[in-house]
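A.B. asks: Take the given structure of chain X and dock chain L to it, following the hints.
Protein chains in written order, with the working numbering: chain X, 1 to 202; chain L, 1 to 202.
Each hint should be verified, as a subset may be incorrect.
Copies of the same chain are indistinguishable here, so a pair counts whether it falls within one copy or spans any two.
[What the hints assert, rightly or not] Derived lysine-lysine pairs resembling DSSO-like cross-links, with alpha carbons at most 30 Å apart: (1) Lys16 - Lys101; (2) Lys129 - Lys51; (3) Lys79 - Lys16; (4) Lys5 - Lys101; (5) Lys51 - Lys163; (6) Lys5 - Lys52; (7) Lys5 - Lys99; (8) Lys5 - Lys170; (9) Lys23 - Lys99.
In case anyone wonders, no lab produced these hints; they're calculated from the structure.
Chain residues, written in single-letter form:
Protein chains: 2
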Amino acid sequence: MQIPKVIERLIESFEKLPGIGPKTAQRLTFYLLHVPEEELAVFATNLISLKKETVLCSVCKNVAETDPCSICIDPGRDKNMIMVVEQPLDTLAIEKSGKYKGVYHVLHGAINPLENIGPEEIFVNELLKRVKNMDTESLEIILATNPTMEGEATAMYISKQLKSQNANLKVTRLGVGIPTGADIEYADETTINQAIEGRREF
Amino acid sequence: MQIPKVIERLIESFEKLPGIGPKTAQRLTFYLLHVPEEELAVFATNLISLKKETVLCSVCKNVAETDPCSICIDPGRDKNMIMVVEQPLDTLAIEKSGKYKGVYHVLHGAINPLENIGPEEIFVNELLKRVKNMDTESLEIILATNPTMEGEATAMYISKQLKSQNANLKVTRLGVGIPTGADIEYADETTINQAIEGRREF
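Next up, chain X with everything else stripped away, as it sits in the complex (with noise of 0.2 Å):
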């Protein structure tokens, strides 16, 4: 039996993506011939205009609509405080927290020698000269990078880079430690050694 070749061409596409298997191709692709021929085309449009319609922001190298972004041109948001993250999505998390009122800088990565990604291959230098032409007396920046290896030895490396240029400067980690609604019977062994370690004054 012959599958219709724009079925398998389709499949195939769907397959690319992370998460996705076979199956669950098979399953999106055959879904969406019981849609409108017009869904379809606002679908392929909304693909199409993905980095059309997309820059890098120069000063942060979030996704945004504009270059710099409406963060970084913000006059509400302190440029003294500039929160270190790996990806855009990252931004996204902690801007729904509402708490942050600083401005970011998005690597797009972690150094992972494991799939040859090192420094060079994310914004880290970026980074750097960003920070040395700034006033860094009351700068401060966060590492938020996750607390996974990667996460980690990228947070060590960048801090050190930054130390090396200006061993005054404020390098903060985000506190590690049991999250919200969650049960220290389950949690693992690091997180409640860290979690001991981060105690705080009640």
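C.D. replies: Then chain L, alone, in the frame of chain X:
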């Protein structure tokens, strides 16, 4: 914080797909930001071509490139055996098993009163008409709708209609029982009862 509109729109497009929630839609969209523009164009073209390059076979209602489809015009296929399935994906699964040499009839759904899907909404009448015009002497209709409430109801309805058209028509239903590789320990009661009823001489 403003997330770029095109990103929001693409997230919405993904969210409309079955089994894709807001978080996954976000993840897929931000993943695509790192994909080359040509690949996005290919994805978009496949979406737009999906319905343009496929037709419903006028005989069996399967999704195909030609009308009639490659199975319906294949002289090696037994036209006296029609397997009735709910979805085009079902024919794929049966073709992969490699044993079936008859033809198909795709209903594009199952009778589901809760969702207002009656026999008129799926290709039941087309099946009745198709069978009416055939020599029913050696004809066999295999009802291969899913063994769910809706699938069983659909099979019952179709069987009744076919028999009222021609009482001598051979109508069969796919065998039910414990699937290969499954564990009897975890099989539900209905399946076990059906497997006992459907036991065969060894």
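A.B. asks: Check Lys5 against Lys101 for me: Cα-Cα at most 30 Å, and say if that holds within a copy, between copies, both or neither.
C.D. replies: Between copies, since 22 Å is at most 30 Å while 51 Å is not.
A.B. asks: At most 30 Å between alpha carbons: which applies to Lys5 and Lys170, within, between, both or neither?
C.D. replies: neither (58 Å within a copy, 35 Å between copies)
A.B. asks: With identical chains, the pair Lys5 and Lys52 could be close in the same copy or across copies; at 30 Å between alpha carbons, which is it: within, between, both, or neither?
C.D. replies: both (28 Å within a copy, 12 Å between copies)
A.B. asks: At most 30 Å between alpha carbons: which applies to Lys79 and Lys16, within, between, both or neither?
C.D. replies: neither (39 Å within a copy, 38 Å between copies)
A.B. asks: With 30 Å as the alpha-carbon cut-off, assign the pair Lys16 and Lys101 to within, between, both or neither.
C.D. replies: Close neither inside one copy (37 Å) nor across copies (33 Å); limit 30 Å.
A.B. asks: When no copy is specified for Lys51 and Lys163, does a C-alpha distance of 30 Å or less occur within a copy, between copies, both, or neither?
C.D. replies: Cα proximity of Lys51 and Lys163: none, with 36 Å in one copy and 58 Å across.
A.B. asks: At most 30 Å between C-alpha atoms: does Lys5 with Lys99 qualify within a copy, between copies, both, or neither?
C.D. replies: between (50 Å within a copy, 23 Å between copies)
A.B. asks: If the cutoff is 30 Å on CA atoms, where do Lys129 and Lys51 land: within, between, both or neither? Let me know, please.
C.D. replies: within (26 Å within a copy, 51 Å between copies)
A.B. asks: Checking an output row: Lys23 and Lys99, CA cutoff 30 Å. Within, between, both or neither?
C.D. replies: between (41 Å within a copy, 21 Å between copies)
Against the hints set out earlier in the document, violations occur for numbers 1, 3, 5 and 8.
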